[in-house]
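Participant: Keeping their order, the protein sequence lines are chains A and B.
Mapping of the first sequence onto the numbering used here: position 480 corresponds to residue 480, and the numbering continues sequentially without gaps.
Mapping of the second sequence onto the numbering used here: position 76 corresponds to residue 589, and the numbering continues sequentially without gaps.
Be aware that one or more of the hints could be misleading.
[What the hints assert, rightly or not] What the simulated footprint calls covered on chain B by chain A, stretch by stretch (three residues with Cβ under 8 Å from a Cβ of chain A suffice, anywhere in the stretch; the number is not a length):
1. 647 to 658
2. 676 to 685
[To be verified] Pairwise CB distance ranges, derived in the manner of DEER restraints:
3. A669(B) / P231(A): 48 to 56 Å
4. T408(A) / A669(B): 33 to 41 Å
5. A330(A) / L772(B): 31 to 39 Å
6. D406(A) / L772(B): 47 to 55 Å
7. V631(B) / E297(A): 52 to 60 Å
8. T408(A) / R681(B): 28 to 36 Å
9. S420(A) / A761(B): 57 to 65 Å
10. A447(A) / T537(B): 28 to 36 Å
11. P293(A) / D622(B): 28 to 36 Å
12. D406(A) / R681(B): 28 to 36 Å
Simulated from the structure, these hints should not be mistaken for laboratory data.
Positions of the beta carbon are idealized from the N, C-alpha and C atoms, including for glycine.
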Amino acid sequence: MPGRAGGERQRKSTLARAAVQLLEPSAAPGGRVWLDGQDLTALPPKELADWRMAWFSICFQNSHGWLNPSLTLGQHLEELLARRYPRAGRAHRAAVLAGEVGLEVADLGLLPRQASGGMVQKTLLALALALDPAFVVLDEPTGALDEISRRQVLEVIRRRAAAGTAFLVVTHDVTVARQLCARTCVLYGGRVMELAPTSELLADPRHPYSRGLIRSFPELYPQRDLWGIRPGPGPREGECPFRGRCTQCTADCDRGVPELADIGPGRQVACWRGGIAAALTARDIKKQFDGKPVLTEANLRLDCGETVALVGPSGIGKSTLAAILAGFLAPDSGRVLVNGEPADYDKLHRTPGGVQLLWQDSFAALNPRFTVERAVAEPGVLAKLWSTPQQQRERVVQLLEQVGLDPTPELLARPTANLSGGQAQRVAMARALALNPAVLVADEPTAQLDASGRANLLRLLKGMQNAAGCALLVVTHDPHAARKIADRVLLLKAGRLEAVDPDRIEQELEDAQ
Amino acid sequence: MPGKRNRARWRPCLILCAGLLALTLFFGWGVLGWPCSPTQPSGASLEAPSAAHWLGTDDLGIDIYAQLSQGFFASMSLGLACGVLTALIGGGLGMLAGYKGGGVQAAVDFAVNVFLAVPQLPVLIVLGAFWGQDRRLVIGLIAAFSWAPVAKQTAAKTRSAAHRTYVRAARSWGAGSWYIFKNHLAADVLPVVLVGALAVVGKAILQESALAYLGLSDPTAKSWGLMINRASRFAGIYFTDYWKWWLAAPVAALMLTILFTRLLARWLEQQLLEGDV
Chain A
1 MPGRAGGERQ RKSTLARAAV QLLEPSAAPG GRVWLDGQDL TALPPKELAD
51 WRMAWFSICF QNSHGWLNPS LTLGQHLEEL LARRYPRAGR AHRAAVLAGE
101 VGLEVADLGL LPRQASGGMV QKTLLALALA LDPAFVVLDE PTGALDEISR
151 RQVLEVIRRR AAAGTAFLVV THDVTVARQL CARTCVLYGG RVMELAPTSE
201 LLADPRHPYS RGLIRSFPEL YPQRDLWGIR PGPGPREGEC PFRGRCTQCT
251 ADCDRGVPEL ADIGPGRQVA CWRGGIAAAL TARDIKKQFD GKPVLTEANL
301 RLDCGETVAL VGPSGIGKST LAAILAGFLA PDSGRVLVNG EPADYDKLHR
351 TPGGVQLLWQ DSFAALNPRF TVERAVAEPG VLAKLWSTPQ QQRERVVQLL
401 EQVGLDPTPE LLARPTANLS GGQAQRVAMA RALALNPAVL VADEPTAQLD
451 ASGRANLLRL LKGMQNAAGC ALLVVTHDPH AARKIADRVL LLKAGRLEAV
501 DPDRIEQELE DAQ
Chain B
514 MPGKRNRARW RPCLILCAGL LALTLFFGWG VLGWPCSPTQ PSGASLEAPS
564 AAHWLGTDDL GIDIYAQLSQ GFFASMSLGL ACGVLTALIG GGLGMLAGYK
614 GGGVQAAVDF AVNVFLAVPQ LPVLIVLGAF WGQDRRLVIG LIAAFSWAPV
664 AKQTAAKTRS AAHRTYVRAA RSWGAGSWYI FKNHLAADVL PVVLVGALAV
714 VGKAILQESA LAYLGLSDPT AKSWGLMINR ASRFAGIYFT DYWKWWLAAP
764 VAALMLTILF TRLLARWLEQ QLLEGDV
């Protein structure tokens with residue numbers, strides 16, 4: 001029972017209709033569809049019409065348009081049942097079907113325009129199941145249903161599936177896929193991005209699009225703040241459809257449309273980088289100060305475009321680890337890889353797409369005599385990004401807007417010493433973004449702020465990460481903040497890192513102390 | 514009211530600068546406009562102050578105001594030269610030591626400590642006795658014994674400034690030493706050098722006077738120390754009225770000049786260095 005998930009307009013329904021040969025000729029469908037070894041595209045239309053609904057069927061997305069307005073719901077069912085059942089048994093059979101999908105017998109007497117959306121949807125489902133086909137395509141089967149009907153419908157589908165019917169469920173609702181489908185196929189821009197067993201897909205998505213989609217469901221991430229995939233240009237012909245919104249594109253991605261490739265048992269992904277790539281990997285990092293080990297064996301993987309919180313009690317070595325990962329402190333042993341290569345921090349700090357650190361104390365990190373413009377422009381000036389003052393000004397204005405500051409001439413010319421704590425942190429953030437880092441390490445970014453400033457800054461940081469698409473490692477001792485913004489939470493404990501369930505951060509922190 | 518506070522803040526500086534300016538103008542007139550020569554007798558010996566000789570004459574009949582005026586510019590130029598030299602040596606070595614750290618810092622620290630430990634005046638006297646007849650040598654000697662504290666302070670300031678987070682950040686983006694010095698350190702470090710050098714100006718004038726008083730400076734230069742020396746050696750000067758113009762005038766000029774420069778240095782120190790983190 002494969003399901004397929006995808007955002008809106010990713011051509012899920014089109015594919016579903018193509019599967020049952022229902023596309024208009026103007027759509028000029030190409031390719032072939034086999035069912036039980038039989039090539040459906042090769043069948044003459046007459047035979048196809050005979051087999052449709054009997055051998056394979058489709059339940060359309062809820063719409064009155066699929067029903068004849070002058071026939072009652074029951075008459076629709078009986079019309080279809082007439083293909084197999086004698087007249088005498090039809091009414092009874094229709095009633096049984098109605099009961100199965102949760103329709104009252106009385107509802108069968110209603111005309112489509114008198115029926116509710118839920119009733120129409122259930123009728124469409126009953127129609128699809130009426131002749132016990134071997135293969136059923138369900139297009140958003142629960143779209144118009146309330147919670148009770150939804151559970152009922154899902155139960156019907158599950159029972160039928162157990163009895164041997166194959167279902168192809170088209171849905172944008174990952175929770176439906178989770179409840180119904182053994183395997184899930186993710187579509188984007190009319191192409192399959194990822195195919196995997198549903199539970200594995202939900203726990204460990206390997207395509208950036210699948211990950212973004214799954215993490216946008218509050219049902220799956222109740223604690224976390226809601227963030228969708230960053231908007232961007234839509235699919236273009238001849239290249240990876242997700243390219244414009246992807247956070248891990250490289251020059252490799254120019255090669256064209258990626259093919260679906262195996263990445264493990266039962267798992268396939270279409271991505272030039274072989275699925276989600278690690279932006280930063282740290283292996284066996286060891287560090288001691290004055291003979292006292294701080295980090296004994298820290299391992300970490302930070303994927304492109306994700307936000308990871310690093311929590312731990314004060315003084316456990318979080319900032320040490322952050323400094324090592326950001327390239328401001330050399331570990332005693334261990335390796336750090338950035339984009340798959342041993343980290344050359346001199347280069348990474350100085351070029352776009354590298355690693356930047358957002359310092360703990362933003363006032364100390366800003367020269368008090370510099371103006372805001374000069375401070376924000378400094379990395380770019382040193383990297384010689386701009387050839388004219390206009391370019392520099394434009395970029396600084398853009399960066400300041402990105403961090404939620406109003407770039408008035410007065411602000412641009414203000415010495416950083418005259419900023420408020422929140423403003424200083426934002427200016428520091430704008431400066432860290434000036435080189436478009438692929439990895440941003442933020443060391444206690446909210447330590448200096450009051451509650452409101454903290455909330456604003458955390459939202460901003462996450463929003464900025466989402467828009468810029470960089471990988472973000474936030475060091476914090478605040479479990480609530482970690483839970484709100486992080487995709488994953490890591491706990492530093494006895495010199496090692498371990499993954500923590502976001503709900504259990506507090507307990508883990510207490511245990512660690 | 515920021516304007517009012519600013520004015521109050523600048524008042525001491527204005528008074529001191531006005532004082533120095535008045536001294537300069539007063540002695541400037543003595544050099545450029547005064548008819549009497551500072552080296553040739555222009556009246557009877559030991560004349561009391563009068564319209565012709567504002568501050569009287571000395572035992573050789575040479576006008577004291579004219580001598581004093583020339584001495585002011587000699588002392589001032591000597592003091593300023595020592596200040597500049599100190600700033601260059603002390604400031605340069607201090608910045609180098611504070612910025613580079615390691616071996617360079619150890620070497621500079623050692624030299625600083627050696628120069629701080631050596632008793633200054635006796636060594637100055639010995640060295641002055643050997644070679645002290647040349648003005649440039651006197652300047653060099655005084656500067657050699659003045660740069661150490663400046664270097665020490667500059668090194669400390671440079672070290673603390675160079676370890677600031679924003680300097681580390683700039684270095685991570687590929688900033689070179691010159692960029693960092695110019696953009697991130699100069700504003701913190703140069704005031705330290707300036708204050709140190711200005712303090713040396715007053716001290717150098719005093720030290721030169723001391724050397725001259727001891728007869729170890731250039732005997733042909735009209736220095737205040739030399740004037741004091743000659744006046745105080747005049748037998749029985751305190752039993753006469755002569756000390757009132759011959760001795761008191763150079764002493765007062767010396768005191769006023771040093772007072773103004775030292776107070777100015779102190780004011781600058783307060784403004785530039787204190788209230789700094």
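Participant: Given the hint of 28 to 36 Å, is the C-beta distance from A447(A) to T537(B) inside that range or not?
Facilitator: For A447(A) and T537(B) the Cβ distance comes to about 55 Å; the hint is violated.
Participant: Hint says 47 to 55 Å; check whether the CB-CB distance for D406(A) and L772(B) agrees.
Facilitator: 52 Å, holds
Participant: Using the C-beta atoms of A669(B) and P231(A), is the stated range 48 to 56 Å upheld?
Facilitator: 53 Å, holds
Participant: Within 28 to 36 Å: is that where the Cβ-Cβ distance between P293(A) and D622(B) falls?
Facilitator: 33 Å, holds
Participant: Would you say the C-beta atoms of V631(B) and E297(A) sit inside 52 to 60 Å of each other?
Facilitator: 55 Å, holds
Participant: Closer than 8 Å Cβ to Cβ for three or more residues is the test here. Does the region 647 to 658 of chain B pass it with chain A?
Facilitator: violated (count 0)
Participant: Is 28 to 36 Å a correct range for the gap between the Cβ atoms of D406(A) and R681(B)?
Facilitator: Holds: the Cβ-Cβ distance is about 30 Å, inside 28 to 36 Å.
Participant: Note whether the CB distance of T408(A) and A669(B) lies within 33 to 41 Å or breaks it.
Facilitator: 39 Å, holds
Participant: Is the distance from the Cβ of S420(A) to the Cβ of A761(B) consistent with 57 to 65 Å?
Facilitator: 60 Å, holds
Participant: That 28 to 36 Å hint for T408(A) and R681(B) (C-beta), does it hold up?
Facilitator: 30 Å, holds
Participant: Range first: 31 to 39 Å. Now tell me if the beta carbons of A330(A) and L772(B) are that far apart.
Facilitator: For L772(B) against A330(A), whose Cβ atoms are near 54 Å apart, the range 31 to 39 Å is violated.
Participant: Are 3 or more residues of the region 676 to 685 of chain B near chain A, judged by a Cβ distance of less than 8 Å?
Facilitator: holds (count 7)
Of the hints listed earlier, those the structure fails to meet are numbers 1, 5, 10, in rising order.
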